[in-house]
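As a plain string of letters, each chain reads:
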Amino acid sequence: MTDLNETVEEKKWRELAQGFGLSADEFANLKKCLNRSPSLEEVAVAGALWSEHCSYKSSRVHLARFHTEEPWVLQGPGENAGIIEIAPGVGLAFKMESHNHPSYIEPYQGAATGVGGILRDVFCMGARPIANLNCLRYGDGQYNAHLLKHTVRGIGDYGNSVGVPTVGGQTRFHHGYSKNILVNAFTAGLIKSDAIFRGKLQNDSTPVLAQKPSQLIPGAVLSDSKRQELFPSDANLILYFGSATGRDGVHGATMSSDTFNDSSATLKPTVQVGDPFAEKKLLEVTLELLEKKLCVGLQDMGAAGLTSSGVEMAGRSGCGVALDLNLIPVRTARLKPFEYLLSESQERMLCAVTPAQAPAVLALCKKHQVAAAVIGSVNNTGEFICIHNDTVVCTLPVDVLTDNAPKYRWPLQERSDYLKDHLKIERPHDKPSSVDSEQTAHKTSLNLTLPHSTRTTLAQILESNRATLGETWKQILPHVSSWMALPSQSSKDPLTRHYCSTVQGNTIAGCQTPRTSAAAVVRLDDAFCEIGITQDPLAQSVPAIALVAGCQERWIEIDPLNGAAQSTLLLARRIAASGGKPLAMTDCLNFGSPRQPAVMRQLSDAIDGINSVAKAMHIPIVSGNVSLNNQTGQTPIPPTPMVGMAGVIEKAVETITDIPSLGSEVWWLAAKNVSNLTRFEYSEWAWNVFHMNAGPVPEVDFIHEQSLWSALADLRQNNLLSSCTTVGVGGLLGSILTLCARAKQAFVWSDEAAKINLHLACAEGQAGVIVSLQSSSLNNAYLLNLAESKGLEAIPLGKFAQVQSQPVDEQGHWDKARVAFSDTLKPFFE
Amino acid sequence: MTRKTAAILQFPGTNCDQDTVRWLARNLELNVSLVRSHEDVEQLPPGDTTVIVLPGGFSFGDYLRAGALAARSPLMDWVRLEAARGVAVLGICNGFQILCESGLLPGALAHNVIRQHVHEFVTIHVEAEVASPWSSSTLESGRLLNLPISCGMGNFIIPRKQDGYKILFRYTQNLLGSAESIAGISNPDGNIVGMMPHPERASDPLLGATDGLYMLDSLARRLGIEVRAGSPLDLWRKLHSEKAS
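Chains W and L, in that order, are what the protein sequence lines are. Residue 2 is where the first sequence starts when you use the numbering used here, and the numbers rise one by one after that. Residue 2 is where the second sequence starts when you use the numbering used here, and the numbers rise one by one after that.
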């Protein structure tokens with residue numbers, strides 16, 4: 002890229018631009034667009050807005066393929082959050098965002114501000130946040146143990162203090178995240194569908210004036226007449242409210258868009274610091290402001306702070322903006338102009354108000370003890386103009402920053418080549434010292450490996466693909482506790498007890514709640530109900546919202562297309578199992594560097610995989626976020642397109658629990674050809690026992706899936722369904738063992754279950770659901786008939802039983818498994 | 002019959018106000034008002050307030066110490082006057098911390114011994130059946146209550162003066178490290194009660210927990226407040242009287 006004819010001055014600027022995240026080409030492009038040399042501040046602004054984080058420059062061409070429309074979508078991608086209609090006149094706004102890079106550097110604040118940012122994305126549209134979820138990925142070793150503890154604390158402390166229940170999510174462990182953990186935060190909020198606010202500067206009725214460039218260049222001193230032009234007295238005002246601006250987070254967006262190297266420790270000062278009390282006040286003032294319709298448009302200051310919110314709002318309204326940086330409330334002296342522009346100080350909002358509204362907004366902020374100031378005006382220059390000490394420091398045309406943002410079509414590896422390269426994925430080896438030290442391994446360090454003896458025994462059992470569950474069960478049982486002690490399999494209660502899941506008083510099923518379900522379930526808040534508790538004290542008619550989030554990265558690494566489809570469908574199935582109907586999703590696409598063709602193949606195919614589910618099952622994608630460059634050196638993370646999904650349960654009282662009651666008959670309800678839709682080779686068992694996953698991942702069978710859902714709906718409508726949960730990670734066997742550990746019960750397999758092929762019992766994929774019915778032999782006959790008529794198979798699996806009722810030699814194994822399940826992650830939080 | 006008034010205090014950072022309003026309004030024939038400032042107090046019918054609840058949350062962001070700033074707000078002067086008049090005052094979680102910080106209840110709440118925020122359903126034992134309008138339900142089955150705790154500073158430190166309070170609730174498992182496993186106390190008269198667990202979050206059959214209704218049942222009996230027909234409390238009472246008979 003270096004030009005031999007480059008002058009010293011040019012070299013200095015090129016390097017400076019690089020420091021702000023602009024490549025040499027992008028810098029040249031900026032110069033060309035402006036037809037002059039940019040100022041330092043302009044380089045900073047362009048660098049932030051053209052960063053991967055703000056511009057989606059590497060993913061945009063692929064994101065455009067997403068299925069985004071269905072009749073219930075009120076707001077699709079492009080705004081701060083997507084919104085769907087969840088009940089007549091009531092919208093649900095939701096979005097998921099990553100905070101991976103900051104959380105790796107400073108886990109507590111990184112994770113906390115991740116929660117803060119996503120909350121603001123939701124409430125700045127006018128929605129009251131009702132639920133948080135989070136998807137976390139960690140690797141092994143001591144540092145990851147430290148990250149686990151402090152990210153969880155950060156998430157809990159922030160959400161708890163703001164008063165939004167954290168109700169669910171997914172936490173997994175995999176070597177591939179050891180140097181790049183993932184912290185993805187999801188928030189959903191309720192909004193009256195006629196009160197949605199968008200980030201714009203003008204009312205829709207305001208005529209768009211012809212643009213008249215300011216003709217100013219940086220360095221010019223502002224004359225009084227020019228000031229009049231830039232800050233017209235009758236124009237809408239730009240009003241800043243929230244916490245004061247400091248140096249924290251300067252460069253956050255560019256840091257988040259880069260890969261890590263050995264010197265990442267020096268990035269610590271770019272991580273923002275959160276204050277949940279400021280957020281709570283901001284939440285209340287924002288919602289009151291929107292309810293009273295006191296502003297024209299509003300946007301939170303997230304990544305790239307003032308710059309991105311100012312430019313994005315101007316871009317949406319086709320006008321210009323002038324800001325006087327000296328008017329911004331500050332918490333530190335002598336801020337440089339580019340620091341004002343790039344600061345990612347938390348808990349700040351930018352809104353556009355009419356001159357008449359401004360005094361009322363300022364008064365409202367004062368009432369809530371929130372700092373506020375008018376810092377600029379809307380104008381018709383079409384430019385993003387910043388003034389500092391009466392001197393112009395930035396006059397960038399808004400369309401240069403938004404529409405002309407770079408778009409990259411990075412080369413993709415051929416799909417067939419990718420699949421060939423990933424036919425077998427081997428797990429990295431652990432250091433020998435950590436392999437068999439069952440007793441001490443977890444005290445200080447995350448160990449993701451089964452003890453050697455367990456691996457050897459299970460490998461012998463699983464080698465043959467002809468053994469049945471019945472033949473091998475007695476050999477497997479003694480090793481169940483080792484399986485349960487794997488961090489991914491073990492109980493996440495030691496994490497979730499940090500999260501207040503019951504605040505707001507609407508959580509029907511979440512973490513640490515008396516009831517549980519395959520999805521997190523939150524009742525529609527009374528304030529949004531047509532028939533409130535005044536008429537209906539028991540809230541019998543109130544609907545509920547079912548929420549799930551997660552991803553199966555091991556499947557996706559083998560085959561991004563089918564793997565992502567299977568993974569997304571599993572989430573949708575969890576909503577169906579809870580008694581709900583999936584309505585829409587949001588995504589958070591975590592991948593490695595787009596400069597690697599294999600990573601781009603993962604990204605592109607994962608988008609298509611998610612999209613196939615969106616189209617077939619009518620679950621549109623309404624918002625999303627992309628996090629690239631999650632890699633250290635040349636090794637990217639496993640492809641992790643996290644999906645958050647929302648559905649509705651028509652009557653909250655009809656929520657289905659996931660744990661079968663003691664003694665009730667438990668059934669496996671799945672496709673007749675379930676062995677074709679699932680595979681042992683890429684299961685969690687193969688991964689942990691053979692240290693290997695292998696393809697191929699079968700294509701999704703949507704027709705079967707629809708039959709399964711309609712069978713569940715039939716059982717529900719006839720009041721026969723007593724519990725329902727999906728067959729998830731670890732296949733049928735893994736799912737039953739987890740249910741046992743959670744219910745503190747043993748399981749007695751039926752004769753039919755004993756005949757199930759062991760590989761099939763461990764297989765993952767489109768593997769159906771585990772149900773139990775209100776007990777009666779008539780109901781069993783009904784289920785068998787129903788399954789037959791839908792092309793499904795219902796196999797009686799057996800019963801949950803008290804551990805004490807089991808043979809004496811087995812009781813100890815069950816007890817040990819339960820303790821391993823509940824206690825494995827506890828020491829990491831002591 | 003004229004309806005009595007319950008005032009729910011809301012400080013900046015309080016976040017259980019809406020659940021608490023709903024808890025009372027849904028179950029009892031009461032006028033329930035949110036009170037944020039002295040202006041709000043003046044809107045209340047004079048002398049009509051019979052119940053004051055300080056809900057949970059993070060008033061003033063737990064700055065300084067949990068409850069320390071709210072305790073010194075002018076609104077607490079009004080609470081002090083009303084409490085002296087015999088009004089039934091309940092502080093839940095952060096409300097308990099505020100009551101201790103303001104001196105309305107003795108003792109203090111320190112960081113949990115496990116040094117982390119804990120959200121979990123716990124079992125508490127009702128100690129003094131007659132002491133308080135908040136814990137004198139006549140129903141025998143109300144002795145053990147399953148309620149959620151959610152706090153970082155729930156470790157009750159016992160006051161030096163032993164006669165300034167009565168123990169109302171004790172944890173059956175002392176997770177937070179409270180002195181004498183204390184989960185809630187009252188003043189000697191019994192009308193001011195502070196507790197760490199959240200009864201308002203365990204008062205709905207749909208949410209799988211109803212033991213918080215015990216406290217409302219008690220309040221209704223002691224203050225002669227009517228129970229709303231068809232409400233969770235109404236159902237709860239019927240269920241428990243069936244069990245008793």
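Derived by calculation from the structure, the hints in this document are not laboratory data. Please note: incorrect hints may appear among the correct ones.
[What the hints assert, rightly or not] The calculated label-pair distances, taken between Cβ atoms and stated as ranges, are:
id : chain 1 : residue 1 : chain 2 : residue 2 : range
1  : L       : 243       : W       : 465       : 57 to 65 Å
2  : W       : 370       : L       : 66        : 14 to 22 Å
3  : W       : 65        : L       : 235       : 52 to 60 Å
4  : W       : 416       : L       : 66        : 56 to 64 Å
5  : W       : 531       : L       : 240       : 27 to 35 Å
[Stated by the list, open to error] Simulated crosslink set (EDC-like; lysine to aspartate or glutamate; CA at most 16 Å straight-line):
id : chain 1 : residue 1 : chain 2 : residue 2
6  : W       : 368       : L       : 41
7  : W       : 800       : W       : 753
8  : W       : 368       : L       : 40
9  : W       : 673       : W       : 651
10 : W       : 652       : W       : 526
11 : W       : 673       : W       : 609
12 : W       : 616       : W       : 702
13 : W       : 800       : W       : 752
14 : L       : 167       : L       : 128
15 : W       : 493       : L       : 121
16 : W       : 408       : W       : 26
17 : W       : 827       : L       : 121
Note that CB positions come from ideal geometry on N, CA and C, so glycine has one too.
Structure-based check of all given hints:
no., hint, result
1, L:243 / W:465: 57 to 65 Å, "holds (58 Å)"
2, W:370 / L:66: 14 to 22 Å, "holds (19 Å)"
3, W:65 / L:235: 52 to 60 Å, "holds (56 Å)"
4, W:416 / L:66: 56 to 64 Å, "holds (60 Å)"
5, W:531 / L:240: 27 to 35 Å, "holds (29 Å)"
6, W:368 / L:41, "holds (14 Å)"
7, W:800 / W:753, "holds (12 Å)"
8, W:368 / L:40, "holds (13 Å)"
9, W:673 / W:651, "violated (30 Å)"
10, W:652 / W:526, "holds (13 Å)"
11, W:673 / W:609, "violated (27 Å)"
12, W:616 / W:702, "holds (13 Å)"
13, W:800 / W:752, "holds (11 Å)"
14, L:167 / L:128, "holds (9 Å)"
15, W:493 / L:121, "holds (13 Å)"
16, W:408 / W:26, "holds (12 Å)"
17, W:827 / L:121, "holds (15 Å)"
The structure is inconsistent with the numbered hints 9, 11, although it conforms to all the rest.
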